[in-house]
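Protein chains in written order, with my numbering: chain D, 39 to 410; chain C, 39 to 410.
By construction, these hints were calculated from the structure, which means they are not laboratory data.
Heads up, some of the hints might be wrong.
Chain copies aren't distinguished; within one or between two, either way the pair holds.
To be verified - Derived BS3-like pairs (lysine-lysine); straight-line CA-CA distance at most 27 Å:
| id | residue 1 | residue 2 |
| --- | --- | --- |
| 1 | K226 | K394 |
| 2 | K371 | K140 |
| 3 | K140 | K373 |
| 4 | K359 | K83 |
| 5 | K394 | K242 |
Spelled out from the first residue to the last, the chains are:
2 protein chains.
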Amino acid sequence: MPYYTPAHIGMPLAEVDTPALILDLDAFERNLQRLNDSLAGRSIKVRPHAKSHKCPDIALRQMALGAVGVCCQKVSEAEAMVDGGVTDVLIANEVVGAAKLKRLAALSKRAKIAVCADHPDNVVALDAAAREAGVTLHVLVEVNVGANRCGIEPGEPAFNLAKQIHACKNLHFAGLQAYQGGAQHMRKTEERRAAIDVACEKVKGTTALLAQAGIPCERVTGAGTGTYLFEAASSVYHELQTGSYIFMDADYAKNDWTESGIPRFEHSLFVWTSVMSCPAPDRAIVDAGLKASSVDSGMPSVFDTPGAEYIKASDEHGVLKLSAGTALPLGHKLKIVPGHCDPTVNLYDHFVCVRKGVVEALWPITARGALL
Amino acid sequence: MPYYTPAHIGMPLAEVDTPALILDLDAFERNLQRLNDSLAGRSIKVRPHAKSHKCPDIALRQMALGAVGVCCQKVSEAEAMVDGGVTDVLIANEVVGAAKLKRLAALSKRAKIAVCADHPDNVVALDAAAREAGVTLHVLVEVNVGANRCGIEPGEPAFNLAKQIHACKNLHFAGLQAYQGGAQHMRKTEERRAAIDVACEKVKGTTALLAQAGIPCERVTGAGTGTYLFEAASSVYHELQTGSYIFMDADYAKNDWTESGIPRFEHSLFVWTSVMSCPAPDRAIVDAGLKASSVDSGMPSVFDTPGAEYIKASDEHGVLKLSAGTALPLGHKLKIVPGHCDPTVNLYDHFVCVRKGVVEALWPITARGALL
Numbered sequence: 039m040p041y042y043t044p045a046h047i048g049m050p051l052a053e054v055d056t057p058a059l060i061l062d063l064d065a066f067e068r069n070l071q072r073l074n075d076s077l078a079g080r081s082i083k084v085r086p087h088a089k090s091h092k093c094p095d096i097a098l099r100q101m102a103l104g105a106v107g108v109c110c111q112k113v114s115e116a117e118a119m120v121d122g123g124v125t126d127v128l129i130a131n132e133v134v135g136a137a138k139l140k141r142l143a144a145l146s147k148r149a150k151i152a153v154c155a156d157h158p159d160n161v162v163a164l165d166a167a168a169r170e171a172g173v174t175l176h177v178l179v180e181v182n183v184g185a186n187r188c189g190i191e192p193g194e195p196a197f198n199l200a201k202q203i204h205a206c207k208n209l210h211f212a213g214l215q216a217y218q219g220g221a222q223h224m225r226k227t228e229e230r231r232a233a234i235d236v237a238c239e240k241v242k243g244t245t246a247l248l249a250q251a252g253i254p255c256e257r258v259t260g261a262g263t264g265t266y267l268f269e270a271a272s273s274v275y276h277e278l279q280t281g282s283y284i285f286m287d288a289d290y291a292k293n294d295w296t297e298s299g300i301p302r303f304e305h306s307l308f309v310w311t312s313v314m315s316c317p318a319p320d321r322a323i324v325d326a327g328l329k330a331s332s333v334d335s336g337m338p339s340v341f342d343t344p345g346a347e348y349i350k351a352s353d354e355h356g357v358l359k360l361s362a363g364t365a366l367p368l369g370h371k372l373k374i375v376p377g378h379c380d381p382t383v384n385l386y387d388h389f390v391c392v393r394k395g396v397v398e399a400l401w402p403i404t405a406r407g408a409l410l
Numbered sequence: 039m040p041y042y043t044p045a046h047i048g049m050p051l052a053e054v055d056t057p058a059l060i061l062d063l064d065a066f067e068r069n070l071q072r073l074n075d076s077l078a079g080r081s082i083k084v085r086p087h088a089k090s091h092k093c094p095d096i097a098l099r100q101m102a103l104g105a106v107g108v109c110c111q112k113v114s115e116a117e118a119m120v121d122g123g124v125t126d127v128l129i130a131n132e133v134v135g136a137a138k139l140k141r142l143a144a145l146s147k148r149a150k151i152a153v154c155a156d157h158p159d160n161v162v163a164l165d166a167a168a169r170e171a172g173v174t175l176h177v178l179v180e181v182n183v184g185a186n187r188c189g190i191e192p193g194e195p196a197f198n199l200a201k202q203i204h205a206c207k208n209l210h211f212a213g214l215q216a217y218q219g220g221a222q223h224m225r226k227t228e229e230r231r232a233a234i235d236v237a238c239e240k241v242k243g244t245t246a247l248l249a250q251a252g253i254p255c256e257r258v259t260g261a262g263t264g265t266y267l268f269e270a271a272s273s274v275y276h277e278l279q280t281g282s283y284i285f286m287d288a289d290y291a292k293n294d295w296t297e298s299g300i301p302r303f304e305h306s307l308f309v310w311t312s313v314m315s316c317p318a319p320d321r322a323i324v325d326a327g328l329k330a331s332s333v334d335s336g337m338p339s340v341f342d343t344p345g346a347e348y349i350k351a352s353d354e355h356g357v358l359k360l361s362a363g364t365a366l367p368l369g370h371k372l373k374i375v376p377g378h379c380d381p382t383v384n385l386y387d388h389f390v391c392v393r394k395g396v397v398e399a400l401w402p403i404t405a406r407g408a409l410l
C-alpha cells in the first residue's frame with residue numbers, strides 16, 4: 039500500500055507531488071467521444087480493453103457511452119472489474135491451470151464472463167471447471183491471424199477446436215478471438231490496413247467452415263487502436279477491443295494516421311515529474327525513471343517543454359537533454375508522455391484526474407499488479 | 039491490493055500459481071554470506087541498497103549479518119523501511135520539494151536518516167525543513183564521479199557545497215556520496231576497475247580541499263555489485279551500497295567477473311511462469327510478459343530448461359523459441375531470470391520464499407510503488 043497519495047481533490051496541479059500519474063479529464067473525454075464519432079452509423083460493438091487502464095471508474099465511463107463490456111487479460115483483472123461494477127467481461131486470453139479456472143468459473147456466477155482457448159487440453163480443463171462449479175462457460179477460439187503469439191491456426195485447426203467446444207456439455211462456443219496485435223504499431227497506414235485484410239481472410243476461412251457445419255459463430259472480436267476502423271469496415275468483425283485510444287502513448291503517436299480515417303486521439307495520460315538536479319547547462323535530471331514510466335517501447339516524450347528531450351532512464355532518474363538556452367530550475371515540474379501506457383499505469387495506485395489545472399478526482403487502479 | 043496471493047506457506051513450488059516472484063532462500067543466503075566473505079578482514083562497512091528489494095524482511099536480514107543500515111532512493115521507500123524496523127537509512131539521492139522535505143524531517147525523528155544534495159538551493163530548503171521540524175538533518179554532498187547523472191562536480195564545486203552545508207545551523211555535513219552507476223554494467227573487469235580508479239581520484243580531489251579547510255568528512259559512500267571490491271580496496275571509500283548481489287539478474291550475469299575478486303553471486307530471484315499456449319512446434323507462450331518481468335535491460339533468461347529461449351515480451355505474454363526436440367506441454371511451469379531485478383521486484387506485492395521446493399514464507403514488498 040502506498041504511504042502517501044500525491045494529491046487530494048481540489049489541489050492545483052502545480053502542487054501535486056511527483057512522480058504522479060496524471061489523467062487530463064478533458065482530453066480523456068474527448069478521446070472517448072472521438073472513438074464514438076468515428077464509428078457513428080456502424081452497428082459494430084465496442085468492448086474496450088481494460089488492461090490499459092485497470093480501473094473500474096474508467097470502464098464504467100466507457101460503458102456509459104455505449105461499450106458492451108470490457109476485455110481483460112487475467113482472471114484477477116476481471117475480478118477487479120466485476121468488483122467495481124462491470125457486468126460483462128471477455129478474458130481475451132487463455133486461462134491455464136486449475137486454480138485460475140476455479141476462480142474463472144466462480145466469477146461467471148457474478149457477471150457475464152467469456153474466455154478464449156487455443157488448445158484441446160485447455161478445452162477439456164475448462165469443461166471440467168465449469169462442471170465442477172455448475173456453470174456454463176462461454177469460450178471463444180483464439181485464432182492466429184498473423185501476430186504469431188497465442189492462437190490456433192485458422193481454417194481446419196480452429197474449426198476443429200470450435201467443434202470440440204460446441205460438443206462440451208458445460209461450455210458454450212461463443213465465437214472467434216482474432217486480434218492482430220502485430221499490426222497495431224506498424225508505422226504506415228497501408229501496412230496496417232494490409233495486415234488486417236490478411237487477418238480478415240483468415241477469419242473468413244474459419245467462419246465458412248463453421249457455417250457449413252451449422253455451428254453458430256455469434257461474434258468475431260479483435261482490433262486495437264492502431265487498426266480498429268479497418269476491422270469495423272471489414273464485415274467480418276462484430277466487436278472492437280481498442281484500449282490505448284483513451285490515453286494515446288508516445289509510441290502510438292509515432293504511427294502515421296493519414297488516410298486511415300482513425301481520429302487523432304490526444305495525449306491524456308502523463309507522468310508529472312520534477313527537476314531534482316541541474317548538474318550541467320545541457321542536462322537536467324527528473325524524478326521519474328523507469329519505475330515511474332515504462333521504457334519497453336522507448337523513452338517518454340517531454341510534453342509542452344520545448345528544448346528538453348528525455349534521453350535516458352534509470353530506475354529512479356530520467357535524464358533530460360537541454361538545448362542551448364533552455365534552463366529548467368530545480369523543482370520545476372513538467373509532464374512527460376509515457377512510451378507505453380499499459381505497463382506505466384501498472385506502476386501506480388491512482389490516476390490523479392485533473393481538469394483545467396485542478397485535481398477533480400483520484401481513481402484507484404484496482405487491478406494494478408493483477409497478474410494471476 | 040492483490041486479490042489473491044499465488045502461494046501459501048508449506049505449498050510445494052509446483053503448486054504455486056503463476057506468474058509469481060520466487061526467492062530461492064538457500065541461494066539468497068549464500069549470496070549474503072559470499073558478500074561478507076569477500077570483505078573479510080576489511081574494516082569497510084556495508085549499507086545495501088534497498089531499492090533492489092523494497093522489503094524490510096530482507097533489510098533486517100542484511101543488518102543481522104553486519105550491514106550498518108540501508109540505502110533508499112525515495113522518502114517513501116525510507117518510510118517503509120523505518121516502519122519495518124530499519125533504524126538507519128541513507129537516502130542516496132536528492133530530495134526536492136516542500137512536501138517531501140517535511141516528511142524527510144519528520145522521519146529523522148524516528149530513525150537515523152541522511153540525505154544527499156547537489157545544489158545550493160536544495161541545501162537552503164533542507165535547512166529550512168530541518169528548522170521547521172526542530173531537527174538536525176545529516177546531508178552528504180553527491181559528487182559526479184563519472185556517471186553524469188546527478189551530482190555536483192568534484193573539487194571546488196563540491197567543496198563549496200560542503201562548506202555551505204557545514205555552515206547551516208540545522209544541517210550536519212555527513213560526507214560524500216560518490217556512486218559510479220555508469221561503471222556497474224561495463225562488461226569487462228578492467229573497464230570497471232579503471233572507472234573506479236577515476237572516481238577515486240575525483241573523490242580525493244574533494245576530500246583534500248575539505249581536509250585543508252578543517253571540515254570533517256566522516257564518510258565516503260558508494261559502489262555497486264559490479265565494482266564494490268575496487269572501492270573496498272581504494273582507501274577512499276568507507277561504505278558500500280551494493281544492492282543486486284542478493285538476487286543477481288540476467289544483465290549483471292553478463293558481466294565478466296574474472297580477476298575482479300568479486301564472487302559469483304547466484305541467481306536467487308526468479309519469475310515462476312506457466313506455458314499458456316503451444317501454438318507451434320518451435321514456439322511456446324508463457325504467462326509472464328513485461329508486466330511480470332521488466333525488460334528495460336533485456337529479455338529474461340530461461341533457467342534450467344535447455345532448448346528454450348525467451349525472445350519477446352508483450353504486456354502479458356512471453357514468447358519462448360524452442361529448439362528442435364524441445365517440447366513444453368501446456369501448463370508446464372518454469373523459472374525465468376529477470377533481465378533487471380529492481381524494476382521487476384517493483385511489480386509484485388510479495389516474495390514467495392522457497393527452500394528445497396517448498397514455500398517457507400511470503401515476504402511483503404512494502405515499498406512496492408514507493409515513488410514519492
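Hint check:
no. : hint        : in the structure
1   : K226 - K394 : neither (34 Å within a copy, 52 Å between copies)
2   : K371 - K140 : between (47 Å within a copy, 18 Å between copies)
3   : K140 - K373 : between (43 Å within a copy, 24 Å between copies)
4   : K359 - K83  : neither (44 Å within a copy, 36 Å between copies)
5   : K394 - K242 : neither (48 Å within a copy, 51 Å between copies)
Figure legend: structure checked against the earlier numbered hints; hints not met, in rising order: 1, 4, 5.
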